[in-house]
Amino acid sequence: MQAPLFTGILADMPNPLLRAHGLHKRYGAKLALAGVSFDVAPGEVVGFLGANGAGKTTTLRILAGTLTADAGAVEIDGIDPGRDPLAARARVGYLPEHDGLFEGMQVEDLLRFHGASRGLAGQALATRVAELVARLDLHAVLAARVHECSLGYRRRVALAAALVNDPAVLLFDEPTHGLDPLQIRAFRALLRDLSPGRAILFSTHVLQEVEASCNRVVLIDEGRIVLDAPLAVLQAQAKAAGSSIEDLVVERTLARARA
Amino acid sequence: MKGAAKGGDIGRAAGWSGALLVARREWRAALDGNVAPAVLVVALFASIAPFVHGFFLSGRAELSTFFAPLPWLMAAWLPAVSMRLWSEDLRARTVETWRALPYSRAQLVLGKWLSGAWLLALQLLLTTPLVGLVAVHGDLHATQVLGGYAGALLLGAWMLALGAWISSTTADQTTAYVQTALLVAVFMTLGEPRAWTILDGFAPELLPGTFAARHLSPRLAYEALVGGLFGLDALVLFVGQAALWLWLNARALARDGR
Chain A
1 MQAPLFTGIL
11 ADMPNPLLRA
21 HGLHKRYGAK
31 LALAGVSFDV
41 APGEVVGFLG
51 ANGAGKTTTL
61 RILAGTLTAD
71 AGAVEIDGID
81 PGRDPLAARA
91 RVGYLPEHDG
101 LFEGMQVEDL
111 LRFHGASRGL
121 AGQALATRVA
131 ELVARLDLHA
141 VLAARVHECS
151 LGYRRRVALA
161 AALVNDPAVL
171 LFDEPTHGLD
181 PLQIRAFRAL
191 LRDLSPGRAI
201 LFSTHVLQEV
211 EASCNRVVLI
221 DEGRIVLDAP
231 LAVLQAQAKA
241 AGSSIEDLVV
251 ERTLARARA
Chain B
1001 MKGAAKGGDI
1011 GRAAGWSGAL
1021 LVARREWRAA
1031 LDGNVAPAVL
1041 VVALFASIAP
1051 FVHGFFLSGR
1061 AELSTFFAPL
1071 PWLMAAWLPA
1081 VSMRLWSEDL
1091 RARTVETWRA
1101 LPYSRAQLVL
1111 GKWLSGAWLL
1121 ALQLLLTTPL
1131 VGLVAVHGDL
1141 HATQVLGGYA
1151 GALLLGAWML
1161 ALGAWISSTT
1171 ADQTTAYVQT
1181 ALLVAVFMTL
1191 GEPRAWTILD
1201 GFAPELLPGT
1211 FAARHLSPRL
1221 AYEALVGGLF
1231 GLDALVLFVG
1241 QAALWLWLNA
1251 RALARDGR
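Residue numbers (the numbering used here), protein chains in the order written: chain A, 1 to 259; chain B, 1001 to 1258.
It is worth saying that the hints were derived from the structure and are not from the lab.
Note that this is a predicted model, so its numbers are computed, not measured.
Hints are all accurate, no fakes.
Each pair of labels, with its calculated beta carbon distance range:
no., chain 1, residue 1, chain 2, residue 2, range
1, B, W1016, A, A124, 16 to 22 Å
2, B, R1255, A, A29, 17 to 23 Å
3, B, R1255, A, A124, 32 to 38 Å
4, A, Y27, B, H1215, 39 to 45 Å
Where a beta carbon is used, it is the ideal one built from N, C-alpha and C, also for glycine.
If we strip away everything but chain A, and leave its shape as in the complex, we get (with noise of 0.2 Å):
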């Protein structure tokens, strides 16, 4: 079997605000993460790449908190969510893959419902509500409810509720799914200005996303990370044989499927 690609390159870094420490899942007979390590340092947008069934929603709930790994450990911002799980899921911003929004909800309400959760109150509440708003372009359903707002507006206000009190970690499960290629360009600009600082996590099947907002790509397959490198290295290695970053992400899978 071949050794993942750098993996572990970027396991000492220094104080990752994410870490993932040999997380093993199983559903029934099914093993959907089999060891699954690695850190997310602050200032990286992390694009996880993976077939359907791979692993990669199994391994952003854990991270999230709305699912338990059979084994293995997490830190949040150095946090245990074992330990302490209502300070862990306070740093995390977290995007499930459907949106997982109150149907019946306002979406003001329901940004504000999400910003009271968090602890924000009063004034605070309101002005961070107004700039996702702003930011997020929602005027326009504000007072709507949730199940009359298009895909990309649900989207959009489900990317809101993750961010509403400034998360330190996002983790977001195939974030543009559902946005015309306008609404892409914003998210790509968004996580533009959300990076610094912060560990962004997101899982996609687009390889283009992840050239266009990624620092790191990291690869799974059949529950185990194949591929952890960062994306200019991976550029240059395409770049010296000629191929790209797609042949290399298959061959990847490829040559684990053969393993």
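Keeping the supplied structure of chain A fixed, place chain B upon it in accordance with the hints.
Then chain B, alone, in the frame of chain A:
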């Protein structure tokens, strides 16, 4: 909250304020929907119907005609309130949202249960004009009024706790309704003299029916309160069992994949 101090209550609503936030959201969600307001109106009319019938047709101004059939009416309508508490979140997968928010399971469970208890309290509050009618036209006993409403509130809160637990085990609201209504009916029937006599007959030396009627069924405790008898044992039964249902609710939420 980037760079906030580790631990403590930073970035979350602590203690009761968290449970109240959850309760307020659920209360508004219930009233925004179609089921709870409709059920509230129907339950209100159904609960006062026996009293109105006795008052206008038989000339009886007695609160007993209101409190006696109330448990069975609540057994029909409160499962319709509790069925959506968790089943709806399981169906819509918003249970993952709840788990991602910085609430403890105790805050979530208490908050959801409180929202149902507020609906129950509202329904009971809307029946209080009956007390005025009895005061004017009948013989009003303060202990019966206090005991009756306390009993109705405790019994209803007990049913809601049971229903909340059942609803946390299924994504199907109809299943949650049926299972809760059936369980409530079983517990109420255990307090029926004919039922406990039959059960006692199976093991006369152990008297299982009598034990169940006294310690498991909330019926006798409710009837004692309606009769103006305030006993600690009734309170222990209601609070103890409700706490057990809510604990089971929290355990169900702790299961993976929810």
